[in-house]
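Here is how the chains run, residue by residue.
Protein chains: 2
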Amino acid sequence: GDAEAGKAKAAVCAACHGQNGLAQIPTYPNLAGQNEQYLVSALKAYKNKQRSGGQAAIMQGQAAALSDTDIANLAAYYASLPADGGK
Amino acid sequence: GDAEAGKAKAAVCAACHGQNGLAQIPTYPNLAGQNEQYLVSALKAYKNKQRSGGQAAIMQGQAAALSDTDIANLAAYYASLPADGGK
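Listed in order, the protein sequences are those of chains A and B.
The first sequence runs 81 to 167 under the numbering used here.
The second sequence runs 81 to 167 under the numbering used here.
Only chain A is shown next, with the shape it has when bound in the complex (with noise of 0.2 Å):
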């Protein structure tokens, strides 16, 4: 994936969780240095409606809207963030 192209796509990512990628609300997984390939996995099923429960119906809601590029590029871009948030 494109990790130029997938910042410009997660600003709406952001809001939840965090412009770093590390969440502000307890119930949402952090992003940061995750694993490419785990993101992309964890995207597409939620595009593919196989994760419920927590808070997955709005996961659902916004992974529906992407295209496989676009969860391409954001999966690399969560992957090149520092996991510690860059402190």
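To be clear, the hints were calculated from the coordinates, so they are not data collected in a lab.
Take these hints with a grain of salt, some might be off.
Below are the EDC-like pairs computed for lysine to aspartate or glutamate, each with C-alpha atoms no more than 20 Å apart in a straight line [to be verified]: (1) Lys87/A - Asp148/A; (2) Lys167/B - Asp164/A; (3) Lys124/B - Asp150/B; (4) Lys89/A - Asp148/A; (5) Lys167/A - Asp164/B; (6) Lys87/B - Asp164/B.
To give an idea of the chain B side of the interface with chain A (calculated C-beta under 7 Å), a few residues [said to hold, decoys possible]: (7) Ala103; (8) Pro106; (9) Thr107; (10) Asn110; (11) Gln114; (12) Asn115; (13) Gln117; (14) Ser121; (15) Ala125; (16) Gln130; (17) Arg131; (18) Gly133; (19) Gly134; (20) Ala163.
Just so you know, these numbers come straight off a predicted model, no measurement behind them.
Don't be surprised by glycine CBs; every beta carbon is placed ideally from N, CA and C.
Dock chain B against chain A, hints included.
Same frame as chain A, but now just chain B:
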């Protein structure tokens, strides 16, 4: 949750998610430093078979064996680990 009790329960988790909570296998998520409440939510979703796709079948099986106390303790343990692996 009780992070020390979680650590004692986490030996089986480490096979995929790493001794330090950083997965060695790119299709698995890192858990170190993840939000505790999110980890509880995710483990319960696996236990309740609310997640499929990707590697979810493995986690459905693992989570089925966990009590709510185990889940709380494991979540506390992984949330307590440094997100960067302590580097």
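Okay, the hints, checked on the actual structure:
no.: 1; hint: Lys87/A - Asp148/A; in the structure: holds, 15 Å
no.: 2; hint: Lys167/B - Asp164/A; in the structure: holds, 11 Å
no.: 3; hint: Lys124/B - Asp150/B; in the structure: holds, 11 Å
no.: 4; hint: Lys89/A - Asp148/A; in the structure: holds, 13 Å
no.: 5; hint: Lys167/A - Asp164/B; in the structure: holds, 11 Å
no.: 6; hint: Lys87/B - Asp164/B; in the structure: holds, 18 Å
no.: 7; hint: Ala103; in the structure: holds, 6 Å
no.: 8; hint: Pro106; in the structure: holds, 4 Å
no.: 9; hint: Thr107; in the structure: holds, 5 Å
no.: 10; hint: Asn110; in the structure: holds, 6 Å
no.: 11; hint: Gln114; in the structure: holds, 6 Å
no.: 12; hint: Asn115; in the structure: holds, 5 Å
no.: 13; hint: Gln117; in the structure: holds, 4 Å
no.: 14; hint: Ser121; in the structure: holds, 4 Å
no.: 15; hint: Ala125; in the structure: holds, 4 Å
no.: 16; hint: Gln130; in the structure: holds, 4 Å
no.: 17; hint: Arg131; in the structure: holds, 5 Å
no.: 18; hint: Gly133; in the structure: holds, 4 Å
no.: 19; hint: Gly134; in the structure: holds, 4 Å
no.: 20; hint: Ala163; in the structure: holds, 4 Å
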